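Student: Let's have the full structure, built from the sequences with the hints guiding it.
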Amino acid sequence: MARAAVSKESRASTPRVSIIDCDIHNAVPGLEALFPYLPERWQRHARTIGVRGRTALARGYDYPKGTVDACRVDAWPASGPPGSDLGLMQRQHLDPLNITIGVLNCLFKVGAQLNHEWEAALAQAVNDWQVAEWLDKEPRLRASIVIPYEHPEAAAQEMRRAARLHRGFVQALILVRTREPLGRPQYRPIFETASELGLPVALHFGAIGGNAVTPCGWPSFYLEEHTGMSLAFQAQLVSLVLEGVFERFSQVKVVLVEGGFAWIPPLLWRMDQHWRRLCGETPYLRLAPSDYVRMNVALTTQPMEEPGDPSHLLDVLEMMAEGPKLMFATDYPHWDFDAPDRAFPVQIPDDVRTRIYETNAREIYRL
Amino acid sequence: MVRYEQGMPVVDADVHVAVPGIAALYPYLPDHWRDYLVESGVRTLEVNTYPRGCNLSARPEARPDDPSLPPGSTLEQLRTQLLEPWNVQAAIIHCDYGVHLLHNEDLAVAMARALNDWLADEWLSRDPRLHGSMTVCADRPEPAVAEIERLAGRPEFVQLALPVRSPQPYGKRLYWPIYEAAERHGLVVAIYAGGGSGNPITAVGWPSLYLEDYVSFTQAFQAQLLSLVAEGVFLKYPKLNVVFIESGFTWIPSTMWRLDKNWRGLRREVPWLDRLPSETIRERLRVTIQPLNAPAQTLDRVLDHLGGEAMLLFSTDYPHWQFDEPADAWPQALEAASLDRVLRETAIATYGLDRRPRRAAGV
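Which chain is which? The protein sequence lines are W and E, in order.
Each residue of the first sequence is one higher than the one before, counting from 999 in our numbering.
Each residue of the second sequence is one higher than the one before, counting from 4 in our numbering.
Source of the hints: derived by calculation from the structure; they are not laboratory data.
Incorrect hints may appear among the rest.
[Said to hold, decoys possible] Sample of chain W residues at the chain E side, in silico, Cβ under 10 Å:
| hint | residue |
| --- | --- |
| 1 | P1094 |
| 2 | Q1234 |
| 3 | G1306 |
Given the structure is predicted, the values throughout are model-derived calculations rather than measurements.
For each residue, glycine too, the CB sits at the ideal point set by N, CA and C.
Tutor: Listed below in structure tokens is the structure:
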């Protein structure tokens, strides 16, 4: 969907850089694929009850997507859903786009389960499946640890287990629309463990956490739901910063994946301004809110920001020059995929480009 | 460059007044409801959007000497602290009293009516510089429209004010009769920082802090803007003016970019939108300038992204404490040519202040 404002010539002259793709989706083809990794009790559960979260639809979406399962029409393998076939991913994505390292974010509905024990069993199974089917088979891939994040003690336990299990796990994954804001104390074990293990925590687009998807209730259209996803990212950032998560765990990195980034400067200005007037409520914060964001937060670029005047994107990059860091992502195989050579609608300076396409991710993920 | 200086004539599009105590509304209520309030022990419907003691809630000088009174509850203080020093030619005043938060529809509607009559008697009729916002219970569109019809002939009311936190997004069709009535009577629909008691202020639940609540109001404004645009309210009611009050405006460019991009990809879902959402937003949305929410040195960039100053209405947000010095009330990045427009002209056009017989001499 990215609309390139630069000419073919200037694109061609862009130096070929090594690309780290911070958001690729591998898909569990179906619950049966997890049976080898599930104890008998939970296999039975899978066959009888199955996945059950905070939406009443048995499958599918209450905001129908723009394409089938929100995927590229050319990304469907011979069998199974897009993202379920490593061979196709290699042929269609990793090889031709020169992806040196790709970070898998498996969006299987782990954190959305109502049954906490089932959720924990499922997280283990998905992570074991990721090791066997992806990390062990393709050295360019890294993966996110899926965790039962609404059950933070179990989530912390799974983070420890998975981190020991395979070095390819580079972060823990939470879907951004949680039950409560992540700065609230009950989620602390997740950040405490992330800090202990040196693992970033990624918040990715999606999920139904049980709250209306906007502060004003349920909108009508996927157009609004998709556009409004950044509201959840904004809320999480405000909560993490103002409730002191980065003050308490100063080493923790949080990566916001697929939430856009042009809203960052105005949100930081607003947080700083009102914090200055109201800082009496947060005596534990030693720095201005924007300082924590600059030090502890990174964001992925997809879906790219596309101002009507592409030069305005340069303004945004300049406003973010001191952080938070940006990291390139494609979102393969989803419909709003950003191609590495066409993602930015304007020519960006080479040094900025190298940081976004490679070095920022190397630092954040210690690659 | 001509800079703003306090004393230049202004229209202030965001001024808050407060009910001094619930008894002030008794004369405007039927006996039944007055007795009900007393017997049920309803002592106040003050909202918690602005905790009394909190320093954002009132500028230091705006705190009344009588601690039992909320800031913004006396006309005398409003005159000496705002209207006179700021040379306010016209002020759009609004009283956020929690009448719309009551679940008893009959009571809520009676209280909204009383609040409007009190505002007219105690404020609007006592100073011709003051222009009022009607309170209606928007979630009950039928009585809301009846209230608009009841007050529509009174030129001292220039808008209806809806709290940004609502049970459903304001683009939804259940609200359309309200917009139809507002458009027909030339009333602005204003959405202000307030409301609640239903959905949490974030899409991920209730935050712990008041500071988070206040910062997060912009999320609710974003959701309302997406809804008004996506559902086609601006196209259905081409003469309706919408004003966001105390919303901040620095979040608008990035919201427009994202909405334009997604409209390109998903417009099959909203086939009535026949142009870029940002065009509609720039043409039809007006926002008050406080809180500024940007460092002085970046405001020129933000205004460029916004498409200029045409959307902006001067405001002080009195008595809320948003800025320290009067000069800070104004985005210094604006060029001299924009001064008159933002200080007065856009507001006069938006509210039709020059067409209202009662006020014609005032502005």
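Student: Sort out which numbered hints this structure fails and list those numbers smallest first.
Tutor: 1
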